[in-house]
Structure formats: structure tokens, C-alpha cells
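Visitor: Line order of the protein sequences matches chains A and B. In this text, residue positions in the first sequence follow the numbering used here: the first is 14, and each later residue adds one. In this text, residue positions in the second sequence follow the numbering used here: the first is 26, and each later residue adds one.
Be a bit skeptical, because a hint or two may be false.
[Claimed, not checked] Distance ranges between label pairs, derived from CB positions:
id, chain 1, residue 1, chain 2, residue 2, range
1, A, Thr-191, B, Ser-63, 25 to 35 Å
2, B, Glu-50, A, Tyr-23, 51 to 61 Å
3, A, Lys-95, B, Gly-122, 33 to 43 Å
[To be verified] One side of the interface only, derived from the structure: several residues of chain B facing chain A at Cβ under 8 Å:
id, residue
4, Ile-29
5, Gln-32
6, Glu-36
7, Leu-69
8, Leu-71
9, Ala-72
10, Ala-79
11, Pro-80
12, His-88
13, Ala-96
Worth flagging that the hints you see were computed from the coordinates, not collected in a lab. Backbone N, C-alpha and C fix where the C-beta goes; we use that ideal spot for every residue, glycine too.
Residues per chain are reported as follows:
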Amino acid sequence: MFCAVYSSKYMRMLETYSDTELIAAVKGGNQRAFGEIVRRYEGIVASTTISMLGPGSEAEDAGQETMIKLYKSLDQFKGQSKLSTYLTRIAINTSLDSLRRRKKQMSRFFSMTDDEGTKWDNYKASDSDQGRDFELKQAIGKAMASLKPEFRAVAVLRLIQGYSTREVADMLDIETGTVLSRLSRAKAQLADGLREDFRND
Amino acid sequence: MTDIRTQYLIERAIDGNLTSEEQQELQDLKTLYPELESQISAELSLANLIQAQAPSSFGPKFHAMVMEQIAREAENRPVLLDTDFVDRLWNLFPKIGLPSLGTACLFMVANANAAAAETPIIDALFGLPSEPLQMFFII
Numbered sequence: 014m015f016c017a018v019y020s021s022k023y024m025r026m027l028e029t030y031s032d033t034e035l036i037a038a039v040k041g042g043n044q045r046a047f048g049e050i051v052r053r054y055e056g057i058v059a060s061t062t063i064s065m066l067g068p069g070s071e072a073e074d075a076g077q078e079t080m081i082k083l084y085k086s087l088d089q090f091k092g093q094s095k096l097s098t099y100l101t102r103i104a105i106n107t108s109l110d111s112l113r114r115r116k117k118q119m120s121r122f123f124s125m126t127d128d129e130g131t132k133w134d135n136y137k138a139s140d141s142d143q144g145r146d147f148e149l150k151q152a153i154g155k156a157m158a159s160l161k162p163e164f165r166a167v168a169v170l171r172l173i174q175g176y177s178t179r180e181v182a183d184m185l186d187i188e189t190g191t192v193l194s195r196l197s198r199a200k201a202q203l204a205d206g207l208r209e210d211f212r213n214d
Numbered sequence: 026m027t028d029i030r031t032q033y034l035i036e037r038a039i040d041g042n043l044t045s046e047e048q049q050e051l052q053d054l055k056t057l058y059p060e061l062e063s064q065i066s067a068e069l070s071l072a073n074l075i076q077a078q079a080p081s082s083f084g085p086k087f088h089a090m091v092m093e094q095i096a097r098e099a100e101n102r103p104v105l106l107d108t109d110f111v112d113r114l115w116n117l118f119p120k121i122g123l124p125s126l127g128t129a130c131l132f133m134v135a136n137a138n139a140a141a142a143e144t145p146i147i148d149a150l151f152g153l154p155s156e157p158l159q160m161f162f163i164i
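Could you build all of it, start to finish, from the sequences and the hints given here?
Guide: Here it is in C-alpha cells:
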């Protein structure tokens, strides 16, 4: 009883910690502080990996891998960028690695097909997704899945995470001009995909 | 598809970061291409729509699964002293270390002056009672 009360009070206290304080606590061996980081940034990682890989175990694995990579690299994190930016960079690169692995597997087994679009057909509505919102989420997911990985990465970072084109260029290690041209094509393709999807409905 | 410069200006406009020169440049482009205005608002709507509908959670088990793996990782992870902690410790030295050192010196002088001391230096250093140390006789 005492332990449960103490634990919940401690967790509430961690919620008030800044990212810097949490990182210092994790470096000192405090795992609960890392738990608070996971709770705080699950949304950002989920929106990145699910938008990149589609819903399902692959995205969840990439999400877990992202968090583990963050934990392992916290000693090198000196706070030059925001923790959310650092984490997003890990998440996007982990997702791109996952897509490369998938492509390699597909080339090895001729019978395998890329099921990115169909993943969204099997996507289950959560309590917060109601009616048309759920259909819209599915349609956006399918439109995202139709983009090439390098275009999708730009779209996720710019449209979903809201980074500037320069920040996106830094994260993906490409020129700003390349980001702009990929973004322009991705937006046109997304708009066409969504228009098509809702015309069919 | 728009050219790169126009796309750059559209993105800056969406972020609300246009400089006065860029604003003028975009205005000139809008005069030349009136459809640009509707393109900007369409792109802004698309961005808002996609952002609002982005998945925001992996589900209830995610946190526990990550923490399970972290616990396994932590077993193999050495606990490193935070640099802030080391700095704080170092800053404590003048406040605590120096007075302690001074007190130790006072004790040393007082002990060294004790007439009964048979090994005055050792006694003075360690504040030991005046017993001859066997080890020195052996040597």
C-alpha cells in the first residue's frame, strides 16, 4: 500500500521534471525516469514509425528499437538539439532501415508482395476514431504508403512532425532543395490519392 | 508541381516565417499566377488534415514492453556519474575539504607536541595513542 502510494507520487514528481533533468536521472541509473521519457514521447515515435511503416508489429518493433537506441545513446546526447528532435531522427532512420530490410527480403523471395497499402485495410479503429475520422485516417495512411520511402520520410517530418525544410534536410542529411522537390511531389501525390479515395467512396 | 523557389516560399508562408523581401516576392508571384493563393491554402489544409489524423499511440502494452527491454539493458550498463554531479562535488571541496584539512593540521600540531608520544609523527598524523608500532621495529 505504502509502496503503491509512494510510487504514484514519485511518478507524478517525474512528470514535473524537464527533459534535461530526466536525462541526468537516467544517466545516474534511474530507470523510472526513462519510463517518463517513453511516456512523454511515445506519440512522436508512434506517429513517425506508423506513418512510415503502416500499422502493425513492424512499426511497433521500430518504435521499441527507437526507444532502446535512445537509451543506449543518452550518454552521447549533449543537448545540442531538443530531445524530441533527437528521437524523431532516430525514429525516421530506424523506419528507413526497416523499409530497406523489407525491400531486401522481397527481392529474395519473389512470392512476397509489398502489403503497405493493405496494412491500412486491416487497421482497427480505436475508441478515439469515430466513423468518418477513421476512414480519413485509413485513406491518409494508404496515400502515405503509396509514396516512395524517401518521399514519405520528407512528408512525415514536414507534414506530421512540422519541422522546417532546413531541419528536415539536416535530419535526413540531404540538401534543402532536394527536400523541397520531394515535398512538392509528395504533396501532389497525397492530394491525388486522397481525392481518388474519396471519389471511389 | 511547383519550382523549388516557389515551393520554398510556400513552406515559409505556411510556417509564417516570410521576411519582408520574401513576402514581396510571393506577392509578385501571386499577381503573375493567381492560382497560387488557392494552392497555398490547399497545401495548408492538407498539412493540417494529415497532422490531425496521424496515429498517436502504439497501444497499452508498448510502455511495459520497452521498460522490460530497458531493464535487461540496464543490467549490462555501467552507472556513470553525471558530469554535473562531479562538478558539484568538486565545488564542495573549498567549502568542506579545506576546513577539514585545516582542522586535521591543527590536530597534527597538537599531537606532535604531546610529550608522551613515542612515535610523534605517526601519532600526529593518525591521532593514535602513543603505542610503539611493531611494524617499524620489524623493519
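Visitor: Next step is simple, just say for each hint if it's right about the structure.
Guide: Structure-based check of each hint:
For Thr-191(A) and Ser-63(B), the hinted distance range of 25 to 35 Å is satisfied, since their beta carbons lie about 26 Å from each other. For Glu-50(B) and Tyr-23(A), the Cβ-Cβ distance of about 55 Å falls inside the hinted range of 51 to 61 Å, so the restraint holds. Between Lys-95(A) and Gly-122(B) the beta carbon distance is about 38 Å. The supplied range of 33 to 43 Å therefore holds. Of the supplied interface hints, the one on Ile-29(B) holds, with its beta-carbon coming within about 5 Å of a beta-carbon of chain A, less than 8 Å.
Satisfaction of the interface hint for Gln-32(B) is found here, the shortest Cβ-Cβ separation to chain A being roughly 5 Å, below the 8 Å cut-off. Evaluation of the Glu-36(B) hint against chain A yields a held restraint, the C-beta minimum of about 5 Å falling below 8 Å. Hint on Leu-69(B) is violated. Least Cβ distance to chain A is approximately 11 Å, over the 8 Å limit. Evaluation of the Leu-71(B) hint against chain A yields a held restraint, the C-beta minimum of about 6 Å falling below 8 Å.
For Ala-72(B), the shortest C-beta to C-beta distance to chain A is roughly 5 Å, which falls under 8 Å, so the interface hint holds. Taken as an interface hint, Ala-79(B) checks out: its beta carbon lies about 4 Å from the nearest beta carbon of chain A, inside 8 Å. Checking Pro-80(B) against chain A: minimum C-beta separation of about 4 Å stays under 8 Å; hint holds. Against a cut-off of 8 Å between C-beta atoms, the interface hint on His-88(B) holds, since the closest Cβ of chain A lies about 6 Å away.
Taking 8 Å as the C-beta cut-off, the interface hint given for Ala-96(B) holds, the closest approach to chain A being about 7 Å.
Consistency note: the structure conflicts with earlier hint 7 alone.
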